[in-house]
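Chemist: As a plain string of letters, each chain reads:
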Amino acid sequence: MPHDHARRGFLRQSIAIVPAAALTGAARPQETPAAAPTGTAAAASPYQPVFFNAVEWAFIQAATARLIPADDTGPGALEAGVPEFIDRQMEAAFGHAALWYMQGPFVESPPEFGYQGKLPPRDVYRAGIAATDAHCRAAFSGKTFPQLDAARQDEVLKGLESGAVQLDAVPAKTFFGFLLQNTKEGYLSDPIHGGNKNAAAWKMIGFPGARADFADWVGRPGVAYPLPPVSINGPQG
Amino acid sequence: MATQKKPSVDAVLVGFGWTGAIMGMELTAAGLKVLALERGEMRDTNPDFAYPRITDELSYGIRGKLFQNLAKETVTVRHTPGEVAVPYRQLGSFLPGDGVGGAGVHWNGHHWRPLPDDLRIRSRYEERYGRKFIPADMHLQDWGVSYEEMEPFFDQFEKICGISGKAGNLRGQIQPGGNPFEGARSSEFPLPPLASINSALLFEKATRELGYHPFPQAAANASRAYTNPHGAQLGPCNFCGFCERYGCYMYAKASPQTTLLPTLLHRPNFELRTRSHVIRVNMAPDGKRATGVTYIDAQGNEVEQPADLVILCAYQFHNVRLLLLSNIGEKYDPATGRGVVGRNYAYQLNGGATLFFDKNQPMNPFVGAGASGTVIDDFDGDNFDHGPLGFVGGATINCINTGGRPIQQMSVPAGAPAWGAGWKRAIKDNYLYTTSVGSQGSVMSYRDNYLDLDPTYKDVYGQPLLRMTFDWKANDIAMTQFIGSKIEGIAKAMGPRQMQLAFRKPGDHYDLRVYQSTHNTGGAPMGTDRSTSAVNRYLQTWDVPNVFVMGASAFPQNFGYNPTGMVGALAYWAAKAIREQYLKNPGALA
Numbered sequence: 001m002p003h004d005h006a007r008r009g010f011l012r013q014s015i016a017i018v019p020a021a022a023l024t025g026a027a028r029p030q031e032t033p034a035a036a037p038t039g040t041a042a043a044a045s046p047y048q049p050v051f052f053n054a055v056e057w058a059f060i061q062a063a064t065a066r067l068i069p070a071d072d073t074g075p076g077a078l079e080a081g082v083p084e085f086i087d088r089q090m091e092a093a094f095g096h097a098a099l100w101y102m103q104g105p106f107v108e109s110p111p112e113f114g115y116q117g118k119l120p121p122r123d124v125y126r127a128g129i130a131a132t133d134a135h136c137r138a139a140f141s142g143k144t145f146p147q148l149d150a151a152r153q154d155e156v157l158k159g160l161e162s163g164a165v166q167l168d169a170v171p172a173k174t175f176f177g178f179l180l181q182n183t184k185e186g187y188l189s190d191p192i193h194g195g196n197k198n199a200a201a202w203k204m205i206g207f208p209g210a211r212a213d214f215a216d217w218v219g220r221p222g223v224a225y226p227l228p229p230v231s232i233n234g235p236q237g
Numbered sequence: 001m002a003t004q005k006k007p008s009v010d011a012v013l014v015g016f017g018w019t020g021a022i023m024g025m026e027l028t029a030a031g032l033k034v035l036a037l038e039r040g041e042m043r044d045t046n047p048d049f050a051y052p053r054i055t056d057e058l059s060y061g062i063r064g065k066l067f068q069n070l071a072k073e074t075v076t077v078r079h080t081p082g083e084v085a086v087p088y089r090q091l092g093s094f095l096p097g098d099g100v101g102g103a104g105v106h107w108n109g110h111h112w113r114p115l116p117d118d119l120r121i122r123s124r125y126e127e128r129y130g131r132k133f134i135p136a137d138m139h140l141q142d143w144g145v146s147y148e149e150m151e152p153f154f155d156q157f158e159k160i161c162g163i164s165g166k167a168g169n170l171r172g173q174i175q176p177g178g179n180p181f182e183g184a185r186s187s188e189f190p191l192p193p194l195a196s197i198n199s200a201l202l203f204e205k206a207t208r209e210l211g212y213h214p215f216p217q218a219a220a221n222a223s224r225a226y227t228n229p230h231g232a233q234l235g236p237c238n239f240c241g242f243c244e245r246y247g248c249y250m251y252a253k254a255s256p257q258t259t260l261l262p263t264l265l266h267r268p269n270f271e272l273r274t275r276s277h278v279i280r281v282n283m284a285p286d287g288k289r290a291t292g293v294t295y296i297d298a299q300g301n302e303v304e305q306p307a308d309l310v311i312l313c314a315y316q317f318h319n320v321r322l323l324l325l326s327n328i329g330e331k332y333d334p335a336t337g338r339g340v341v342g343r344n345y346a347y348q349l350n351g352g353a354t355l356f357f358d359k360n361q362p363m364n365p366f367v368g369a370g371a372s373g374t375v376i377d378d379f380d381g382d383n384f385d386h387g388p389l390g391f392v393g394g395a396t397i398n399c400i401n402t403g404g405r406p407i408q409q410m411s412v413p414a415g416a417p418a419w420g421a422g423w424k425r426a427i428k429d430n431y432l433y434t435t436s437v438g439s440q441g442s443v444m445s446y447r448d449n450y451l452d453l454d455p456t457y458k459d460v461y462g463q464p465l466l467r468m469t470f471d472w473k474a475n476d477i478a479m480t481q482f483i484g485s486k487i488e489g490i491a492k493a494m495g496p497r498q499m500q501l502a503f504r505k506p507g508d509h510y511d512l513r514v515y516q517s518t519h520n521t522g523g524a525p526m527g528t529d530r531s532t533s534a535v536n537r538y539l540q541t542w543d544v545p546n547v548f549v550m551g552a553s554a555f556p557q558n559f560g561y562n563p564t565g566m567v568g569a570l571a572y573w574a575a576k577a578i579r580e581q582y583l584k585n586p587g588a589l590a
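Here the protein sequences line up with chains D and Y, keeping their order.
The first sequence begins at 1 in this note's numbering and counts up by one.
The second sequence begins at 1 in this note's numbering and counts up by one.
To be clear, the hints were calculated from the coordinates, so they are not data collected in a lab.
All of these numbers come straight from a predicted model, not from anything done at the bench.
We put the CB at the ideal spot given by N, CA and C, even for glycine.
Treat the hints with care, since some could be wrong.
Away from chain D, derived, C-beta distances all over 12 Å, residues of chain Y [said to hold, decoys possible]:
1) 120
2) 173
3) 269
Listed below are the simulated DSS-like cross-link pairs for lysine-lysine, each with C-alpha atoms no more than 30 Å apart in a straight line [what the hints assert, rightly or not]:
4) D:203 / Y:576
5) Y:458 / D:173
6) Y:428 / D:173
7) Y:331 / Y:288
8) D:118 / Y:458
9) Y:458 / Y:205
10) Y:576 / Y:6
11) Y:33 / Y:159
12) D:203 / Y:458
13) Y:331 / Y:132
14) Y:505 / D:158
15) D:173 / Y:72
16) Y:428 / D:158
17) Y:359 / Y:492
18) Y:505 / D:173
19) Y:428 / Y:359
20) D:118 / Y:72
The whole structure should be built from the sequences, with the hints applied where relevant.
Modeler: Structure (structure tokens):
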């Protein structure tokens with residue numbers, strides 16, 4: 001399977017070379033006020049978290065809303081149900097690292113050896129959220145991450161991403177890495193997993209989802225595929 | 001733990017993927033009572049790969065529902081012999097299979113025969129470039145079998161799989177539209193090539209105009225309905241875009257399930273036991289003969305299974321590990337260069353270009369099949385003059401589109417943000433208009449790239465994990481840099497709005513996090529010299545004549561092709577030797 005290698009290689013490369021200036025609040029087309037803990041997400045989804053407590057849930061909603069904000073381009077993480085997706089993943093094999101080799105000794109290693117930490121993802125989230133909120137309270141007059149305005153939230157997220165913000169409980173880059181990975185998974189995976197509500201992210205990019213039958217569409221250059229996406233559970237929205 | 005003992009069988013197969021299924025067919029046909037032991041679950045097209053559940057990128061593509069469960073067993077990895085290895089804790093660089101069918105379920109179905117000179121690579125390089133051309137630390141080795149000897153078995157495996165393709169060399173006559181560099185074939189492919197995807201049409205035109213020789217990738221994705229020599233029915237591929245990492249719901253991808261198991265599972269002299277994890281080959285007190293194997297069953301019981309013939313058919317890593325755990329053959333020592341088990345671990349070195357097109361040129365990336373696309377072989381093997389270049393090996397260059405699954409197969413142009421409004425805009429603007437040109441490159445074997453047992457880490461049964469010592473070497477980096485210069489020219493000629501290249505550079509280290517290839521090879525290399533090979537040219541261990549080792553662990557080094565064509569053909573070749581020589585006179589084959 002060599003073929004998706006190049007693409008992912010570039011994805012990683014592009015992550016590594018994001019100019020900081022491209023992410024400043026001033027360059028953004030839209031800035032929304034900081035999401036209240038039960039803001040737009042509550043309206044979009046009646047979902048009650050199973051793993052995250054109320055404080056953590058407020059963080060997840062606020063953070064994913066900055067990683068994929070709502071604007072004219074397409075749905076944001078909150079309308080797409082990304083927080084629900086992440087909460088469900090914390091209870092799934094992924095959250096428990098149930099399919100990872102988790103025997104010690106745990107040896108700190110260069111990044112190319114992959115995540116070598118002792119904590120499964122759900123514990124990384126729990127520790128990372130608490131540590132990030134603690135960092136915010138210390139740096140921003142007692143305010144937690146969800147209470148910051150959007151520009152400040154982006155600044156904190158960039159700090160986690162680069163490692164400039166240091167957390168005691170868990171490496172900031174590790175926490176941010178899981179958060180960003182799971183946010184994109186929730187945005188672009190089949191709606192059966194709780195995210196990508198109404199397949200709206202698929203509609204935005206033009207992916208037909210679970211149609212998975214294109215015998216009549218091979219070798220038709222210049223012709224756009226006409227049908228909307230379907231989920232494993234059938235037509236969406 | 002109480003050990004149960006089962007009645008003896010004629011042959012026990014350890015692992016039940018492609019080589020286990022082939023051996024099962026061939027040895028039951030010879031009248032043997034054959035038992036296959038598979039560590040994973042039973043799996044079949046229905047219900048395990050059925051639509052629509054199989055089109056779930058998160059569960060299969062990302063979380064790896066069909067892959068080896070690393071919580072039970074993994075490998076440890078380090079770059080050099082002086083370092084402490086750490087476990088491969090999450091799947092990334094390679095994806096060993098699990099369960100019935102093994103990695104033959106979730107492969108893409110790229111079918112290749114090695115070039116005639118690939119199998120006599122040391123002889124070829126010495127003849128053409130001289131002995132001094134080959135780096136001192138490179139274990140460049142002939143395979144001990146010739147292309148001409150293997151040809152009937154390539155042909156047999158192609159007919160079993162219903163390969164879709166176009167011959168380039170039919171009985172010595174070069175055929176228009178095929179690969180002009182390939183060895184002579186005794187017959188045309190069983191099925192015509194797959195239809196061409198949008199991006200491959202651009203690649204075909206660009207490479208032809210540059211003077212190269214494009215041809216359709218030979219595919220174990222059936223282009224038409226097909227009935228194979230055993231009566232198994234395949235086909236036709238509908239370009240669903242969920243191929244590698246997934247099972248095929250269309251019965252179109254050749255796998256043990258679609259080609260061999262419908263016959264084999266009904267033979268009265270065949271038995272399959274799943275959830276049976278073999279932990280060692282048992283040896284007679286004199287160490288010269290195997291008496292069978294011991295496995296752990298689904299309830300955790302230790303079971304002794306006597307057998308006259310033991311055939312290791314597991315994934316490359318596990319075959320090598322079982323030899324080491326069972327003390328079959330001398331362990332390789334990189335300090336002295338002596339020993340053979342664990343020697344010559346190799347891999348592949350790939351790179352590629354991502355191309356972004358304008359909005360009047362939708363690539364429709366979701367229209368894909370595992371092996372749909374176009375390839376050139378001009379810079380692979382010794383099809384070009386290595387003299388002025390100074391490296392050994394090469395790569396196939398392809399434009400293949402396996403699908404457009406939006407989490408793993410999403411690309412954005414360099415400079416696009418990794419998150420936020422800018423990222424969302426970038427995926428919206430580029431998803432439908434992106435394609436790639438890739439390379440699959442050889443990796444040679446070296447004195448200090450090898451496999452042994454880890455001194456620290458254990459599997460769930462308390463046995464040492466296999467340890468991989470591996471990093472990229474200057475020869476192979478030089479190869480991929482050269483290939484990158486060729487891909488850059490091809491990609492530009494395809495006319496994208498924007499493009500970017502990713503090829504390993506000098507100083508880059510092997511990175512476990514990024515998917516690269518499940519073409520892990522070597523560790524039990526084949527050959528005709530017992531001081532440099534673990535198995536002879538019939539895949540029989542030199543020291544224990546009733547133990548054979550199938551699969552890519554036998555590759556002395558890796559080429560620029562997908563390995564399954566050679567792995568399947570070698571299994572048929574070894575089965576013939578067992579049937580016609582070994583069973584008449586059990587002992588070392590000459």
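Chemist: Taken at face value, is the distance from the CA of residue 158 (chain D) to the CA of residue 505 (chain Y) at most 30 Å?
Modeler: holds, 28 Å
Chemist: Is the straight-line distance between the alpha-carbon of residue 33 (chain Y) and that of residue 159 (chain Y) 30 Å or less?
Modeler: Answer holds: residue 33 (chain Y) to residue 159 (chain Y) is near 26 Å, not above 30 Å.
Chemist: Does the alpha-carbon distance linking residue 203 (chain D) and residue 576 (chain Y) stay inside the 30 Å limit?
Modeler: violated, 54 Å
Chemist: Could you grab the alpha-carbon distance between residue 576 (chain Y) and residue 6 (chain Y) and see if it respects the 30 Å cut-off?
Modeler: With a Cα-Cα distance of about 28 Å, the restraint between residue 576 (chain Y) and residue 6 (chain Y) holds, given a limit of 30 Å.
Chemist: Given the hint that residue 458 (chain Y) pairs with residue 205 (chain Y), does the C-alpha gap stay at or below 30 Å?
Modeler: violated, 52 Å
Chemist: Is residue 428 (chain Y) within 30 Å of residue 359 (chain Y), Cα to Cα?
Modeler: Given pair residue 428 (chain Y), residue 359 (chain Y) holds - Cα atoms ~11 Å apart, limit 30 Å.
Chemist: Checking one constraint from the list: CA of residue 118 (chain D) to CA of residue 458 (chain Y), max 30 Å. Satisfied?
Modeler: holds, 16 Å
Chemist: Can the restraint linking residue 203 (chain D) and residue 458 (chain Y) be considered satisfied, given a maximum Cα separation of 30 Å?
Modeler: Distance ~47 Å between residue 203 (chain D) and residue 458 (chain Y) Cα, so the pair is violated.
Chemist: Between residue 428 (chain Y) and residue 158 (chain D), is the straight-line Cα distance small enough, at 30 Å or below?
Modeler: holds, 23 Å
Chemist: Was residue 120 (chain Y) rightly flagged as not at the interface, with every chain D Cβ beyond 12 Å?
Modeler: holds, 25 Å
Chemist: Evaluate the condition: distance from the CB of residue 269 (chain Y) to the nearest CB of chain D exceeds 12 Å.
Modeler: Fine: 36 Å to the nearest Cβ keeps residue 269 (chain Y) off the interface.
Chemist: Between residue 173 (chain D) and residue 72 (chain Y), is the straight-line Cα distance small enough, at 30 Å or below?
Modeler: Since the Cα atoms of residue 173 (chain D) and residue 72 (chain Y) sit roughly 28 Å apart, the hinted pair holds (cutoff 30 Å).
The structure fails hints 4, 9 and 12 (numbered hints given earlier, in ascending order).
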